[in-house]
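Add 53 to a position in the sequence shown, counting from 1, and you land on the number used in the numbering used here.
Source of the hints: derived by calculation from the structure; they are not laboratory data.
Bear in mind the structure is a predicted one, so any value in this text is a computation, not a measurement.
Check before you lean on any hint, since a few could be wrong.
To be verified - Simulated DEER-style distance windows between Cβ atoms:
1. Asp424 x Asp267: 35 to 45 angstroms
2. Ala118 x Cys366: 38 to 48 angstroms
3. Asp314 x Ser264: 39 to 49 angstroms
4. Ala268 x Asp347: 40 to 50 angstroms
5. Val155 x Ser190: 36 to 46 angstroms
6. Ala425 x Asp117: 22 to 32 angstroms
Unchecked claim - Here are the simulated lysine to aspartate or glutamate pairs, DMTMM-like style, with alpha carbons at most 25 angstroms apart:
7. Lys250 x Glu193
8. Lys250 x Asp181
9. Lys250 x Asp294
10. Lys250 x Asp314
11. Lys250 x Asp117
12. Lys250 x Asp156
13. Lys250 x Glu372
14. Lys250 x Asp363
15. Lys250 x Asp392
16. Lys250 x Asp347
17. Lys250 x Asp127
18. Lys250 x Glu239
Even for Gly, the Cβ is constructed at its ideal location relative to N, Cα and C.
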Amino acid sequence: MTERSRRTRLRRTIALSTVGVLVLGVAAVGTLALAAGWFDKPERQAGHALASATPAAPVVAVRDAELIDRRTGDTLALLGANWPGFEYACIQGRGHNDGGDVDAAVAAMTEWGMTAVRIPLNQDCWFDDRPAIAYASGVEYRASVREWVGRLTQAGLVVVLDLHWSAPDGMPADGLRPMPDARSVEFWGSVASEYRKHRGVIFDVFNEPHSRFDATAGAWAFELDWRCWAHGGCAVPVENDRAQTRSGETYTAVGMIALVDAVRSAGATQPLVLSGVDYANDLRGWAAAAPDDDQLIASVHLYPDQRCADRACWARELEPLADRVPVLVAEFGQSDGGDAFLRDAYAWAEDHAVGALAWAWWDITDETSPDARFALVDGPDFAPRAPSGTALRELLGG
């Protein structure tokens with residue numbers, strides 16, 4: 054273990070010993086407190102960023118190859134989970150999210166020892182001119198997101214807002230697309246305008262850039278390279294990643310540079326999370342292709358069935374990058390009924406001062422659902438579900 058890793062482990066131990074105290078204040082934080090804390094100028098406080106006297110999320114910033122709380126200069130480790138629902142429930146016409154009682158969830162998250170939560174969003178549902186199938190209105194969707202963000206940040210948790218499901222004009226945002234489209238620029242301009250002054254909120258600009266293989270034709274329908282990742286301009290199949298057939302229709306991809314510019318043009322200065330290619334599993338070209346911005350975080354997703362799924366690959370491809378910029382494992386999980394990979398990925402991240410957010414904070418009652426294999430919690434009180442949930446809670450120190 055490096056000296057940097059030892060310091061990070063020590064800081065995390067101190068942080069987790071204090072973050073549990075925040076649970077006691079969550080229930081007492083009312084609407085007025087949320088409103089009062091939303092745009093407050095952060096006060097400089099002694100000690101670790103999560104040990105403030107009042108529950109409030111750190112003000113996240115990039116300093117060299119690490120994340121810090123801008124109020125204190127202390128380093129931050131973003132450790133926690135993904136909270137799915139906002140990306141799919143709305144476009145399926147059945148609600149804004151799928152996450153249960155927000156206060157009970159936040160209490161459980163802080164009890165587990167989490168410091169960050171990633172919230173996947175839906176591009177169509179954010180806007181008022183949404184598909185007819187979408188639930189309620191864009192105003193209500195945005196208000197629901199705002200409520201969740203407020204609850205989480207008041208409890209001391211950093212929130213990562215993630216563009217998860219998108220689609221080009223004329224198609225519903227009903228799944229993963231290989232690359233952003235022109236509406237994604239508008240999306241980030243709007244999101245950044247709303248949250249540009251909100252403490253503890255950072256932006257993950259596009260979930261999983263990826264190529265697309267056409268199994269029927271036995272050939273690539275679209276091969277994503279780093280130039281298109283950065284600059285856009287390539288022709289991308291319009292179908293989502295679950296489509297079994299291809300129409301041959303395409304849309305023009307928008308690159309990461311345009312999304313970063315959209316956020317910065319809206320006046321938001323928060324760190325931005327940029328995923329690699331190959332479903333965010335490949336960061337080999339990230340440093341050379343990344344936009345010119347000193348507040349960027351490189352994001353990788355780690356699952357056992359991906360190409361880069363062991364410590365040899367992480368040492369070869371991720372560790373050199375983590376010495377240059379902050380790296381975040383924005384998703385990791387295990388779907389085979391065990392927990393060995395989840396434990397190994399988390400331990401690697403902790404040893405190298407890399408953040409890690411598990412997939413997913415779900416209570417899945419249908420055991421036949423493939424999503425149930427990733428579920429971290431059980432029941433309305435969000436008890437840890439074995440084996441992944443119990444393992445994550447143990448690793449977080451809760």
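Hint check:
no., hint, verdict
1, Asp424 x Asp267: 35 to 45 angstroms, "violated, 26 angstroms"
2, Ala118 x Cys366: 38 to 48 angstroms, "violated, 20 angstroms"
3, Asp314 x Ser264: 39 to 49 angstroms, "violated, 24 angstroms"
4, Ala268 x Asp347: 40 to 50 angstroms, "holds, 42 angstroms"
5, Val155 x Ser190: 36 to 46 angstroms, "violated, 20 angstroms"
6, Ala425 x Asp117: 22 to 32 angstroms, "violated, 41 angstroms"
7, Lys250 x Glu193, "holds, 21 angstroms"
8, Lys250 x Asp181, "holds, 23 angstroms"
9, Lys250 x Asp294, "violated, 34 angstroms"
10, Lys250 x Asp314, "holds, 17 angstroms"
11, Lys250 x Asp117, "holds, 23 angstroms"
12, Lys250 x Asp156, "holds, 23 angstroms"
13, Lys250 x Glu372, "violated, 32 angstroms"
14, Lys250 x Asp363, "violated, 39 angstroms"
15, Lys250 x Asp392, "violated, 38 angstroms"
16, Lys250 x Asp347, "holds, 18 angstroms"
17, Lys250 x Asp127, "holds, 20 angstroms"
18, Lys250 x Glu239, "holds, 19 angstroms"
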